[in-house]
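Based on these hints, arrange chain B with the ligands on the given structure of chain A.
Given next are the chains, with one letter for each unit.
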Amino acid sequence: MNIIRKASTTILRPQFNYQKVILFPGDGIGPEISKAVIDIFDAAKVPIEWEFHEIHKKRVTEQGDLITEETLKQVKALKYALKGPFETPIGKGYRSINVTLRKRLQLFANVRPCKSIKGVQTPYPGVDVVTIRENTEGEYSGLEHEVVPGVVENLKIVSYNACQNIAQYAFEFARANNRKQVVACHKAGVMKQGDGLFLKVCDDVAKNYPEIEFSEEQIDTMAFKLANDPTKIDVMVMPNLYGDIVSDLCAGLIGGLGLTASGNIGKDCEVYEAVHGTAPDIAGKNLANPTALLLSGIMMLKAMRLNDYANRIETATYSVLEEARFLTGDLGGKSTTTDYTKAIIDKL
Amino acid sequence: NYLQKPGEGALKNVTLIPGVGIGPEITNSVKTVFEALHVPIKFDVLDNFNFENDDSKSQLRKNECILLGVMTEKNQKYTDNYKFYKYLDLYSNITFAFSVEGITQRHNNTDIVVIRENTEGEYSGVEHEVYPGVVESIKVTTKQASLRIAEYAFEFAHLSGRRKVTAVHKANIMKLVDGLFLQACREVAQRYSFIKYEEMIIDNCCMQLVKNPTQFDVMVMPNLYGSIVQNVVAGITGGVGMAAGASIGKDHALFSQGCRHTGRDIAGKNVVNPSAMLVSSTLLLRHLGLPNFADQICRAVQHTIQDKKIKTKDIGGNATTDQFTSEVIRSLGR
Ligand SMILES: Nc1ncnc2c1ncn2[C@@H]1O[C@H](COP(=O)(O)OP(=O)(O)OP(=O)(O)O)[C@@H](O)[C@H]1O
Ligand SMILES: Nc1ncnc2c1ncn2[C@@H]1O[C@H](COP(=O)(O)OP(=O)(O)OP(=O)(O)O)[C@@H](O)[C@H]1O
Ligand SMILES: [Mg+2]
Ligand SMILES: [Mg+2]
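Going down the list, the sequences are from chains A and B.
With this note's numbering, the residue at position 279 of the first sequence is 279, and numbering never jumps.
The number in this note's numbering is simply the position in the second sequence, starting from 1, with 348 added.
Just to be clear, a hint being listed does not mean it is correct.
What the hints assert, rightly or not - Restraint ranges, calculated between C-beta atoms of paired labels, are given here:
{"hint": "1", "chain 1": "A", "residue 1": "Glu172", "chain 2": "B", "residue 2": "Gly616", "range": "36 to 42 Å"}
{"hint": "2", "chain 1": "A", "residue 1": "Val148", "chain 2": "B", "residue 2": "Gln407", "range": "34 to 40 Å"}
{"hint": "3", "chain 1": "B", "residue 1": "Tyr479", "chain 2": "A", "residue 2": "Glu49", "range": "42 to 48 Å"}
{"hint": "4", "chain 1": "B", "residue 1": "Arg511", "chain 2": "A", "residue 2": "Lys285", "range": "48 to 54 Å"}
{"hint": "5", "chain 1": "A", "residue 1": "Lys35", "chain 2": "B", "residue 2": "Gln492", "range": "38 to 44 Å"}
{"hint": "6", "chain 1": "B", "residue 1": "Tyr479", "chain 2": "A", "residue 2": "Ser215", "range": "47 to 53 Å"}
{"hint": "7", "chain 1": "A", "residue 1": "Thr231", "chain 2": "B", "residue 2": "Gly616", "range": "25 to 31 Å"}
{"hint": "8", "chain 1": "B", "residue 1": "Gln492", "chain 2": "A", "residue 2": "Asp281", "range": "33 to 39 Å"}
{"hint": "9", "chain 1": "B", "residue 1": "Gly509", "chain 2": "A", "residue 2": "Arg325", "range": "42 to 48 Å"}
{"hint": "10", "chain 1": "A", "residue 1": "Glu172", "chain 2": "B", "residue 2": "Cys646", "range": "50 to 56 Å"}
{"hint": "11", "chain 1": "B", "residue 1": "Asn396", "chain 2": "A", "residue 2": "Asp281", "range": "53 to 59 Å"}
{"hint": "12", "chain 1": "A", "residue 1": "Lys35", "chain 2": "B", "residue 2": "Tyr479", "range": "44 to 50 Å"}
To be verified - If you want the ones that stay clear, here's a sample from chain B, every Cβ over 10 Å from chain A, calculated:
{"hint": "13", "residue": "Leu359"}
{"hint": "14", "residue": "His386"}
{"hint": "15", "residue": "Asn396"}
{"hint": "16", "residue": "Ser404"}
{"hint": "17", "residue": "Lys405"}
{"hint": "18", "residue": "Ser406"}
{"hint": "19", "residue": "Asp437"}
{"hint": "20", "residue": "Thr490"}
{"hint": "21", "residue": "Lys512"}
{"hint": "22", "residue": "Lys523"}
{"hint": "23", "residue": "Cys554"}
{"hint": "24", "residue": "Gln556"}
{"hint": "25", "residue": "Lys559"}
{"hint": "26", "residue": "Gln671"}
{"hint": "27", "residue": "Ser674"}
Unchecked claim - Looking from chain A toward chain B, a few residues come up when the C-beta cut is under 7 Å (computed):
{"hint": "28", "residue": "Ser159"}
{"hint": "29", "residue": "Gln193"}
{"hint": "30", "residue": "Asp248"}
Source of the hints: derived by calculation from the structure; they are not laboratory data.
Built from N, CA and C at the ideal position, the CB exists for glycine as well.
Only chain A is shown next, with the shape it has when bound in the complex (with noise of 0.2 Å):
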């Protein structure tokens, strides 16, 4: 009997198990890099199909979000997404799109690694850091009022929940990657309550993962390690905004914003975006870099255990890179979108 239902699992199972994932393209250079990723992952002939959301350019409930329920509701449906760079209005308006999909979808933790690119000339060779951000509350609470006229206060909250979220997912995550470190970047000596409860319960949750070196350090110290000498620095975890600090900084080292993947992760669903903004100053002109996209969409698949494709996409983006003949010009080359993309398709 079990035999048999095993052999007919293995027979039903289709081989090419076509998997819906969603994507949203977003604005500025957001379709042209969108694009390169579809076409590449076209050529891999990896199996999945995308299913297109656009975000609105007004607010559609009543938090002043951008987002619908529906899509929400599809993206936990479909598990997995990968999306643009999205504008965020500055000043008063709406809610961050960035900000609202982490919240409602709950998605606790964003995943940044950066690691130096044969190729790619920094002043910081032999980086490999992973920034590990808390991504659904402290500074980004969105609580903000004018106390008296000329006084306005924000409200960082800090809860327990999310800090044994985050600081277990940093440790499993350095456990399943093989990461020998873990350190976290507080502020303590300041916000004593609130990065003080981040840092404890870091501590103890770090008690679980013995196998795993576990250390602190002040944001600030640790801003003056990564611009000094990074190459020591292994998988950092941290709150709100200083992770969104030092997750752009360790992109710098490696040489921007263009080679940076970032995963949001939650207990329903998944997120992968590309780390950099709009760059409105070179949308719609073929010369963004799709790489921190695709590197991003690597990621997702590994995480839906597509590791094939994701490896066979990523040597050949790395090799493309490495011999840097087709590099766009953020890297100081003078490759177009489309060549760039060529060249990876064509190394596949």
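Quick look at chain B with the ligands alone, frame taken from chain A:
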């Protein structure tokens, strides 16, 4: 040349707080160099300085200028710093980071001044547990404090011949608090039409700093971003042992390293780099109208590093603090 008024060579009193960590070593280096030059300054030393202690508090207001090593121990450091800066209303904290010839650095040709609001923001210390396991920390921003720091930044840029001021913020997320800060910067910028004004989001700013720092000149920002950016600019140039700094308000001026670290790991081992503190002391000398001594010390530090190749460990050498200081003294008068 600077032409003094009669009597300007009289001894001036300056408060000296060696403090903890590497503080005693770096301030000692300054003292030795000042003595060698016969600088007309008399230090009123506050050993065992404790801000909570009322006695030392009253002494703090005695002199206009303070030379500070390192303030306090690790776990209370920042709130103590904060109370201290607040007490003397040293609202503007300034860090100088510049590439120095003779040191291997991540970036060359960098010359950045970071001006940081020093009295409010994330450092207000207003926190409470709203519900078991949920904590609120409050960042407070006022129009008045934002205006005066913006004012200081532009005035600084103007008076020191700098061309650009970059305001650093996160107003896309913290629309009200950082929005208010930006509004103040814009208001002041209008009055300085001959100085270029730019705005940059803090995360992008840190990325730009490690990628292409020569684009920056004077930078102005709220408290917490300041502490991060100061360290980044130190990191891309000669490190925290090279970056000089000061904190200034209407009535007092305090001179110390540009990045506030205790340096517990190296304290007492005679390996500390006194350069940052020496350069900070030259800011003090200029502030007191003694620019000639300042020039001599700056040249001597440069000569020691670049020509004599005497360097402490953090900048790629193996000289001790004492050897470095002695070489600076030998190089004086050049
Ligand atoms: N994929 C990319 N390829 C090349 N250059 C890029 C890319 N993404 C960003 N840049 C460059 O990096 C700089 C910062 O761009 P970015 O849009 O991220 O800034 P931002 O201020 O964070 O914008 P936003 O408000 O949209 O997040 C710009 O000069 C832009 O051209
Ligand atoms: N004058 C100096 N010369 C050389 N190295 C220095 C100097 N000042 C600070 N450092 C170094 O800078 C680094 C950061 O300092 P430190 O560890 O004290 O900072 P921190 O984490 O903020 O700790 P603390 O709260 O004790 O200041 C250390 O490696 C320290 O040795
Ligand atoms: Mg330390
Ligand atoms: Mg960011």
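How the hints compare with the structure:
For the pair Glu172(A) and Gly616(B), the supplied restraint of 36 to 42 Å holds, since their beta-carbon distance comes to about 40 Å. At about 35 Å, the CB distance of Val148(A) to Gln407(B) agrees with the hint of 34 to 40 Å. Between Tyr479(B) and Glu49(A) the Cβ separation comes to about 44 Å, which falls inside the hinted range of 42 to 48 Å. For Arg511(B) and Lys285(A), the Cβ-Cβ distance of about 29 Å falls outside the hinted range of 48 to 54 Å, so the restraint is violated.
Taking 38 to 44 Å as the suggested C-beta distance range, the pair Lys35(A) and Gln492(B) does not conform, at roughly 50 Å. Tyr479(B) and Ser215(A) have their C-beta atoms about 30 Å apart, which leaves the hinted 47 to 53 Å range violated. Roughly 28 Å separates the CB atoms of Thr231(A) and Gly616(B), a value that falls within the hinted 25 to 31 Å. At about 35 Å, the CB distance of Gln492(B) to Asp281(A) agrees with the hint of 33 to 39 Å.
Checked against the hint of 42 to 48 Å, the C-beta distance between Gly509(B) and Arg325(A) comes to roughly 44 Å, which is consistent with it. For Glu172(A) and Cys646(B), the hinted distance range of 50 to 56 Å is satisfied, since their beta carbons lie about 52 Å from each other. Distance hint check: the CB atoms of Asn396(B) and Asp281(A) are about 56 Å apart, consistent with the given range 53 to 59 Å. Checked against the hint of 44 to 50 Å, the pair Lys35(A) and Tyr479(B) passes, with Cβ atoms roughly 47 Å apart.
No beta-carbon of chain A comes within 10 Å of the beta-carbon of Leu359(B); the shortest separation is about 37 Å. In this structure His386(B) is separated from chain A by more than 10 Å, as the shortest Cβ-Cβ distance comes to about 36 Å. Interface exclusion of Asn396(B) from chain A stands, the closest Cβ pair being 21 Å apart, more than 10 Å. At the 10 Å boundary, the C-beta of Ser404(B) stays outside the reach of chain A, the nearest C-beta of that chain being 21 Å off.
The beta carbon of Lys405(B) sits about 21 Å from the closest Cβ of chain A, which is more than 10 Å, so the claim that it is off the interface holds. No Cβ of chain A comes within 10 Å of the Cβ of Ser406(B); the nearest lies about 26 Å off, and the non-interface call holds. Against chain A, the non-interface label of Asp437(B) holds: every CB pair exceeds 10 Å, the least being about 17 Å. For Thr490(B), the non-interface assignment is contradicted: its Cβ lies about 5 Å from the closest Cβ of chain A, within the 10 Å cut-off.
Every C-beta of chain A lies more than 10 Å from that of Lys512(B), the closest at about 19 Å, which supports listing it as non-interface. Once the 10 Å rule is applied to beta carbons, Lys523(B) is inconsistent with being away from chain A; the minimum gap is 6 Å. Listed as a non-interface residue, Cys554(B) fails to keep its Cβ farther than 10 Å from every Cβ of chain A; the least gap is roughly 4 Å. Not every CB of chain A lies more than 10 Å from the CB of Gln556(B), the least distance being 7 Å, so the non-interface label is violated.
At the 10 Å boundary, the C-beta of Lys559(B) falls inside the reach of chain A, the nearest C-beta of that chain being 4 Å off. Distance check on Gln671(B): its Cβ is at least 23 Å (rounded) from any Cβ of chain A, clearing the 10 Å threshold; non-interface status holds. Consistency note on Ser674(B): stated as away from chain A, and its beta-carbon is indeed over 10 Å from all of that chain's, at 27 Å minimum. With its C-beta approaching chain B no nearer than about 5 Å, Ser159(A) sits inside the 7 Å limit, and its interface hint holds.
The beta carbon of Gln193(A) comes within 4 Å of a beta carbon in chain B, closer than 7 Å, and the hint placing it at the interface holds. Among the interface hints, the one on Asp248(A) holds; its C-beta lies about 4 Å from the nearest C-beta in chain B, closer than the 7 Å criterion.
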